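Student: So you can see what is in the structure, the chains are spelled out below.
2 protein chains.
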Amino acid sequence: MNETDFVGARLGAFVAGTDALPPQVLHEGKRSLVNFFGCAIGSGRAAACDTLVRVLGAFGAGGKSTLLGRPDRLDPPEAAFVNAVSANLLDYDDTHLRTVIHPTAPVAAPVLAVAEARGRTGRAVLEAFVLGAEIECRVGNAVSPQHYARGWHITATCGVFGAAAAVARLLGLSPEPTWHALGIAASQSAGVVENLATAAKNVGVGSAARNGILAALLAEAGYAAAPAALEGQLGWAQASGGGDGWGEAMAALGTRWELLDNTYKPYPCGIVMHAVIDACLALRQQHGIVAEQIAAVTVQGNALLLARGDRVVNNERDARVSIQHCAAVALLYGRAGTREFTQAAALDREVAQLRRKVTAVLAAEMPVGAATVALDLADGRRLAHTVLAARGSRESPLTDRDLTEKATASMGDAGLAANAAPLIERLWALERETDLRGLMRLTRSNTG
Amino acid sequence: MNETDFVGARLGAFVAGTDALPPQVLHEGKRSLVNFFGCAIGSGRAAACDTLVRVLGAFGAGGKSTLLGRPDRLDPPEAAFVNAVSANLLDYDDTHLRTVIHPTAPVAAPVLAVAEARGRTGRAVLEAFVLGAEIECRVGNAVSPQHYARGWHITATCGVFGAAAAVARLLGLSPEPTWHALGIAASQSAGVVENLATAAKNVGVGSAARNGILAALLAEAGYAAAPAALEGQLGWAQASGGGDGWGEAMAALGTRWELLDNTYKPYPCGIVMHAVIDACLALRQQHGIVAEQIAAVTVQGNALLLARGDRVVNNERDARVSIQHCAAVALLYGRAGTREFTQAAALDREVAQLRRKVTAVLAAEMPVGAATVALDLADGRRLAHTVLAARGSRESPLTDRDLTEKATASMGDAGLAANAAPLIERLWALERETDLRGLMRLTRSNTG
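Protein chains in written order, with numbering that gives the first Met the number 0: chain A, 0 to 447; chain B, 0 to 447.
Simulated from the structure, these hints should not be mistaken for lab results. Please read these numbers as outputs of a predicted model, since none were measured by experiment. Where hints are given, some of them may not hold.
Each pair of labels, with its calculated beta carbon distance range [to be verified]:
#1 A:N1 with B:S173: 52 to 58 Å
#2 A:Q232 with B:W427: 39 to 45 Å
#3 A:Q232 with B:Q342: 25 to 31 Å
#4 B:G171 with A:T254: 55 to 61 Å
#5 B:Q145 with A:G221: 33 to 39 Å
#6 B:L303 with A:G61: 50 to 56 Å
All residues carry an ideal CB built from backbone N, CA and C; glycine is no exception.
Excised from the complex, chain A in its bound form (with noise of 0.2 Å):
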């Protein structure tokens, strides 16, 4: 067998030896980058990352990477730890659509702390992040979809490949270190479908992040993993269910760009209600609509996005995965941001009340994505309005000025206004900064 045979191999080669990123790829990292920054950031202080925090931090304590949008630092380990989980922990952050892997946290998390850790630049964070996620998307490529549909929870057991390889390459490894990491990443790979309504989905991918850097720190001390640890009869993908798509998964290395078909959502719910939200906000703006005037809301779509209707809101769980909801606060407030989606938010009378309103009825016919919004207005009239393609799908992608103000709003939210347009700007031009701790700085929040 020659060593070209095996996909770690091919990957590590790839990872190690791809000098000349395009400039397209590099500039979808960076929109990818800000994303990060605003989920991490706005979600830092969530209860879920204080308790986190409490018990990482018991451990890691002085250590030199930042917590985003926290005033604490950890090691590296336990700071990438806490930043893929606060980036993933609403969901808001990117999805790939073809795997449903959320890319970003796993491998943005352990690039940045382990920089940070060891002063690197920009640049070197940059092309270690566009590189991790590519691993980390073609590994999710050759097990989709039964990796998920058998109930492996896909951002965490692949994130742990592209984390591997993200710090491999920010580390200067060889291919066959890099080679390594990936084996012994394939011995750290877990994470399940049935946890992703609890905590413990925050184990898994904030895991899978720290398990990246000790797999790379591992291969650069010395250790080795089998040839075959991916692809290998008693491998990862055959023991997790069957994995024969790597050929395809392999093919146009450095030619074709997974992380070019990234997307992001414009609002913190599940990704079938955005079509619902745009077309509210369509209406609100284009005819003026306060919500006293609404007597009834009819939202139609197919039976994807009404799996999801119908459900009582207690919290803001519900609240994400409310159709009710989604149109309430859009017609209430004109926006659906985090702030829409908080527990306050979901236990508000007016918006109770508002959701009483709107019925969710099945269009069979309706592409998955659309959904069509009609209001019965006190005066008698109807308006209605049907969006096809959310924005934040492939078909209508978020712009650099959406990305931005997305990430401005979150570290608003987060009381880091002041420091949102300075280091979105630098994220912007991220190849430009000569050591990432200056950046770094301005994520942090100063308030224990």
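Position chain B relative to chain A; hints supplied.
Tutor: Relative to the frame of chain A, chain B by itself:
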């Protein structure tokens, strides 16, 4: 669905609520721990452990938990990682034959690391270990044999459940958070058979130990998991290839004890070789044979034994799975301990010379685990000896004294001969220790 229908709920109630452990089970726990300490101390200074400590030590420095057989200390998660690795490094530790789990390494290591940091009693350690090992083996039963056959390294994948349960017990968690700890473990279960012949194996085993601590600490701090994280449709057992054995695996909790089926190796090599060594030792002793008298050695056994035979021996790993090497050292030295499986022994000229005289012959009708060794002597005599159940098998278990001698020899190899008697004596009376820290000091190597 009733709470008691969930696997995690039943295991959580068992772990948190079992007070009177049978004396026989507690004694088997001590046997497992004596064996664990010997193995871990014996391998503490192995190169694989040095590397691991160099990498992990960059982060966990200043910790309070002893690394067995080493001069350094780390925080509990990292110490648990390292000690689980050293205990299992040579597969010289224990074996739960039904699942082929090495039960003690991933469970005892986290219990000891946390107990030492918190100054807990010997009784608390013993009970936590026994209950954790029980959970580990029962979860293993539920998914065996298909789990290992698919490529999951069951010591790592099930070890994390045992580690989580044991640490939860040590922390005094009530049934519900113990249930959550097991569910959080489900999102961290990892390790593949493909990597077994490499250092990546260590990462799987060490991670299980470390992640069990994290699962228990996070559950203590309020992190929740899905009720059916282990057995649900999208949970761990189904994702990893199915497990329909929960009924039998959960039966007779507290009356049937898997730990009573634990076995211990007298020789640091493949378990199928043990009967070969026993037969050689018997022939040598009974007939006063010296190597010069031997013209030829013929080993007979079934296909499982022969599968490992006729390999070239270039290093320690080869030696441990070589019929020829095992027969040669037993005949030459009258022992087959750790010193007979070092790199020096593998390359020794006298050993190599005797290895060349050994032929392995298939005897398909012989039972698993049996071997016949026949010696053709220079004077024309032919001597033969058959062993049906090797020392250390369930039919011929190592005695407490055997285990003491094994651990004593390992500690001698590690330069800790003077501490062996006091340490092992205290382990046999573990329930009398009021603070684990005293005992742990005896395990430390003072040579940097």
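Student: Of the hints stated earlier, which fail here?
Tutor: No numbers; nothing is violated.
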